[in-house]
Amino acid sequence: MALGFLLAKEFKQFIRTPIFIGLTLVFPAAIMLVIPWIVSMDIKNISVMVVDNDRSGASADFIGAIGASGYFIMEGLAADYDEALQHVELSETDAVIVIPDGFERDLLFEGGAPVQVSINAVNETRGTLGASYLGAVCAGFSADFFASHAFVAGNPSMQAAGPVPNIEVSVQNRYNPMMDYKWFMIPGLFVIILVMLCGFLPALNIVGEKEKGTIEQINITPVTKPVFILSKMIPYWIMGVGVLSVAMVLAYVIYGLAPQGSIWVIAAFSVIFVFSVSSFGLVVSNYSNTTQQAMFVMFFFILVFLLMSGLLTPIESMPEWTQVITYVNPLRYYIEMMRGVYLKGAAFGDLLPQFWALLAFAAALGAWAVASYKKQS
Amino acid sequence: MGGNVIEVEGLTKVFGDFTAVDHISFSVAKGEIFGFLGANGAGKTTAMKMLCGLSRPTSGHATVAGYDINTEAEEVKRNIGYMSQKFSLYEDLTVYENIELFAGIYGMKRKDISRKAVTILKKLGFYSERKTLVKSLPLGWKQKLAFSVAIFHGPKVVFLDEPTGGVDPVARRQFWFMIYEAAERGITVFVTTHYMDEAEYCNRISIMVDGRIEALDTPAALKRKFGTDSMDSVFYQLARGAKRSE
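Chains A and B supply the protein sequences, listed in that same order.
Mapping of the first sequence onto this note's numbering: position 299 corresponds to residue 300, and the numbering continues sequentially without gaps.
Mapping of the second sequence onto this note's numbering: position 86 corresponds to residue 87, and the numbering continues sequentially without gaps.
Derived from the structure by calculation, the hints contain no laboratory data.
Beta carbons are placed, not taken as given, at the ideal position from N, Cα and C, and that holds for glycine.
Do not rely on the hints blindly, as some may be mistaken.
[Said to hold, decoys possible] Quick partial rundown of chain A residues pointing at chain B, CB under 8 Å, derived from the structure: (1) Ala3; (2) Leu7; (3) Lys10; (4) Gln14; (5) Arg17; (6) Thr215; (7) Val224.
Okay, chain A solo, but in the shape it has when bound:
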């Protein structure tokens, strides 16, 4: 059968292109080893400069509490606010905390004391989260302070207030109990790996044959369009499944992350997803005249697909009109499935909408890939 001969040819060509083999081996490993550590949205290492106008025991404890929280790095003390702000402007520090004169006295006798916080909010997330972390540190500090000074003699306000009222909120973090951002990202990274390899490589394939002229020798044969397109698709199918398996093993070995749900659900979705993505790559390849052109078009689409997939930013937070656009993004459904199965243990029945959506994409893109391949000009 012609398909067998064409497949044999694709595999031979693939293994004779060392760069492709290197790419398929190194790329998933590099993504899995490095990226989970750097795409975390946790805000850490906010550097803080303190202007301590009180220089009391309480202010020293307060500074200690900030440093001990784990989110902040104590940059040091500044003489006054202007000097500290200068360091912020030079990007040497992120936040300035001004402890007013009489901080300890006010805490003891007035029942509270103001603290001024100025934070660099150029990166809005870092600013907001930094400020709220600082607020949490302050709250924790004052609770401790009042608890330990509650019955100090000569502290009428404290005695009047009695024991500090305390509401304890007990939070259960479902599905990602350690609140590890890596766990949230890793299922998404699988998707990046599949899209890059199984989307880009087919996009370069047919157009490469056009550039070399070999496509003409194929077009002159009676090979049918579906057979030719399948011969271009099946290798990436196999590659996609292989690469995904390697990535999943790495996720388990390095990060201890195993799917809560069934591996077979992931497999079923992945086969359909890779089919869609490589069909898309082949469509782009069919319409392109040069490899460069195919690269640029793919780059554009993949960037948009990734940013609009919910991979990095939740779709629910997007404006409504862009939320609508995400419905025509196959990545969206696949990522929902990945996170659902990996973290929440979703079963196939829970993912039927995603399944039908992906299946529709696969059918449409597959048909488009066949239709856009022209044997006759």
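Using the hints provided, position chain B relative to the given structure of chain A.
Just chain B now, with coordinates in the frame of chain A:
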């Protein structure tokens, strides 16, 4: 239609406002070696691509091996072989793998392929090179391989687009020996060329000028008609009137 393998009637191809092939009509008999001559840009390759089903005609009709190129392009493809101007076998496959791939696409069985390939490779003196990647072969060998692949599945017609471009005289001679052999086996050969000595090897030749066929006959008759004893001179007389250049 009789014994004609190729029948062309008013075949035309227009790209935008440029008429590459302008109402050409001719026929080629079975087993004939038909030379298709013309200056660069005369429309030879475009005409050939239409006959092969690679390019859709703007208007006109043609049948190749009994099939209509407008409506039965895939049937046409089953019955022809083609060797493009630019070498277009897979450079990253070996000699044998290329033969096997294309024979396989035409539906030959693996066993038959290997038997036939061994015979042909031995005859060409290629057998020791069967596992060599095609990219490391010299051009003359590549062309011979491309021709062997084009006729491997036993087509009724083989289309050769400047098959000997850039090849040394010895290799060209060997190449034409292969063409004669194919013609003797009943394969109709449709060949474009720039070399006037090669034109003499053809049974009949047509000369295209600016998309039209200006002359069509046997080499001897053409020379008589133009009152000269060389094809070169015939060609110059016709091509001088050409308005198109490269």
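Hints and how they fare:
1. For Ala3 (chain A), the suggested interface contact is upheld, since its CB lies about 5 Å from the closest CB of chain B, less than 8 Å.
2. Satisfaction of the interface hint for Leu7 (chain A) is found here, the shortest Cβ-Cβ separation to chain B being roughly 7 Å, below the 8 Å cut-off.
3. A least Cβ separation of about 5 Å between Lys10 (chain A) and chain B falls short of the 8 Å threshold, and the interface hint therefore holds.
4. This hint holds: Gln14 (chain A) has a C-beta 5 Å from the nearest C-beta of chain B, less than the 8 Å allowed.
5. Given the 8 Å rule on beta carbons, the hint for Arg17 (chain A) holds: about 5 Å separates it from the nearest Cβ of chain B.
6. For Thr215 (chain A), the interface hint holds, the least distance from its beta-carbon to any beta-carbon of chain B being 5 Å, beneath 8 Å.
7. Because the closest C-beta pair between Val224 (chain A) and chain B is about 5 Å apart, less than 8 Å, the hint holds.
Checked against the numbered hints above, the structure violates none of them.
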